[in-house]
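Undergrad: Work the whole structure out from these sequences, hints included.
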Amino acid sequence: MTTPVGQIPASSIPAARAYLLAQIQANTTADPASPSSELLVCLDEPGPYQPDDIISIGDVHQTYSPEATVGSGGSHWLLETYTITITVDVYRGGDDPAGVFSRARSLADLVVAVVRSDPSLGGAVDRGRPGGVTHEVRWDDEHKGRHCVIEIAIECLKTL
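The working numbering puts the first residue of the sequence shown at 167, with every later residue one more than the last.
No wet-lab data here; the hints were simulated from the structure. Note that the structure is a prediction, hence the values are computed from the model and not measured. Even for Gly, the Cβ is constructed at its ideal location relative to N, Cα and C.
The following label-pair restraints were derived from C-beta to C-beta distances:
hint, residue 1, residue 2, range
1, D307, I174, 43 to 51 Å
2, N193, K310, 27 to 35 Å
3, S272, P232, 36 to 44 Å
4, D261, D292, 41 to 49 Å
5, N193, S268, 15 to 23 Å
6, K310, V278, 25 to 33 Å
7, V226, D262, 27 to 35 Å
TA: Now the structure itself:
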């Protein structure tokens, strides 16, 4: 017995990314230490508008694997796992690596809090959780200020 193509569940990736975008946008605030700085929350890399604070919901790495040996493709047949990479990029002119790191870390903590507050990502996945995190603090290319870039891996699991 086969399942009609139209009845096969689609990937949860678009819904998970949309949830993350909406929740991060709804919960971010201006930097109290730098009130003139602006914040952009976007999907993928930002375009030409690049303010001092950016959170981008970007690359996705996905795998599928059989969840159970069910020849019909019935309930819980396919396990979808993927990682959504969220990048926090903070820039400040001058030489204040601690301040730049502090702001970037507070935005990263907000991203983690969004995921932890609803591990189903609005019902898009069975389980979402923060995974690995990397931090890089460096001078900008023109040596006029500091950048802190934090990449957060959000690991997601969904049975289709």
